[in-house]
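A.B. asks: If you want the building blocks of each chain, they are given just below.
2 protein chains.
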Amino acid sequence: MATNDVPDIVIGRLPIYLRALTLLQEAGQEITSSHELGDRLGIGSAQIRKDLSHFGEFGKQGTGYEISYLREQIAKILHVDRDWTVALVGFGDLGQAILHYGGFHRQGFHIEAIFDNDPEKIGQQIEGKTVRSLDNLAKVISAQNIRIAILAVPAGAAQEVANTLIEMGIKAILNYAPITLSVPGNIQVQYVDPVMHLQRMAYYLE
Amino acid sequence: MATNDVPDIVIGRLPIYLRALTLLQEAGQEITSSHELGDRLGIGSAQIRKDLSHFGEFGKQGTGYEISYLREQIAKILHVDRDWTVALVGFGDLGQAILHYGGFHRQGFHIEAIFDNDPEKIGQQIEGKTVRSLDNLAKVISAQNIRIAILAVPAGAAQEVANTLIEMGIKAILNYAPITLSVPGNIQVQYVDPVMHLQRMAYYLE
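First to last, the sequence lines map onto chains A and B. For the first sequence, the numbering used here begins at 8 and goes up steadily by one. For the second sequence, the numbering used here begins at 8 and goes up steadily by one.
You may find that some hints are simply not true.
One copy or two, it doesn't matter: identical chains are merged, so the pair holds either way.
[Said to hold, decoys possible] With a Cα cut of at most 25 Å, we get these calculated SDA-like pairs of lysine to any residue: (1) K83 <-> D200; (2) K178 <-> G49; (3) K57 <-> E43; (4) K146 <-> P126; (5) K178 <-> I16; (6) K136 <-> E64; (7) K146 <-> L212.
Since the hints were made in silico from the structure, they are not lab data. Here the structure is a predicted model, which means the values were calculated and not measured.
Throw the hints in and build the complete structure from the sequences for me.
C.D. replies: Here it is in structure tokens:
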């Protein structure tokens, strides 16, 4: 399977395909086509076939894709055919909402370590996990071999905490803090900022 | 100011510029350049200048941009120089987390109407607002002239609720339900799905 030479924008569409296939499978459907997927997703069918062709042959001309097979293959390509252990850093209102959001766990991303620097929170027990001091980051991340962190600290602290996380071996950061992080090229960062989505849509309203 | 002829991908970058300018301004800085913005955002400075040139002249060669002016102008272009009233549809765990997330309100998007179809929730008072039955959608959306809705209902209900919202005059939907919505071309939809961000990053981990 090719890895480094696939454009990042193609990788970004694989989770979209995976979600569509999961929904089709949950609805009891067994076969789909690039046309059906394209119609559902607002993406051209040729684009979908081209994206998938980076990774192999997944369907036959005229017979379409077997949904469960294609879904397994995409999960394997994305490395989400396994469970991942995730650290949650920042346990204010946002961090608590993230912990209680069921979506991560359901899809194999398990928040197993929680950090905050508020003495009132440190030591608290939540869903079988203990909120720990940021001083314990290094020990916990290395002991549990954690590579993914969700960053939910205030904007002013985010860059410094990100630097520490990266030093400790974190390779991927899902950033909820409203700042753009500066990180080395081998570190993945993705941003969750719902307000920016609203701002983008407001442009089209009058 | 041009509107229809600006590529959507350019519009998508304006909130990113707006956020960077806001952070610079909060840090007390008065002047910036496309180079500084580009370095902070990982976007080429030529791209930034080209994006902004769709809307006019905002800086002088060699002297850079006045941050407060450029920020005001981008806010005006995006129509976020005003307050927007927003409906929140779905008041389960996710809807409650969304209501309590301060970011929307702070940036001028005010959740003023809350809907759910659970009889135990209908009538509940939260932060001065009443959770209403979905049967009241039409009346409330029209009375308050609401154009933006945040959709936080289960996947199975999302398309039907979206159809109703659109019939009632909603023009922009921020969708937290894990499905791709099918909507008319004049309706804006943006998706918030943090799991897809994690899946995308997992590709790069081994």
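A.B. asks: A separate judgement is required for each hint: does it hold in the structure or not?
C.D. replies: Hint check:
1. K83 <-> D200: This pair counts as between: shortest inter-copy Cα distance 20 Å, intra-copy 28 Å.
2. K178 <-> G49: Answer is between: at 18 Å across copies they meet the 25 Å cutoff, but 32 Å inside does not.
3. K57 <-> E43: within (15 Å within a copy, 37 Å between copies)
4. K146 <-> P126: For K146 and P126, only the intra-copy Cα distance (19 Å) is at most 25 Å; the inter-copy one is 48 Å.
5. K178 <-> I16: So K178 and I16 pass the 25 Å test inside one copy only (19 Å; across, 28 Å).
6. K136 <-> E64: neither (43 Å within a copy, 54 Å between copies)
7. K146 <-> L212: between (50 Å within a copy, 21 Å between copies)
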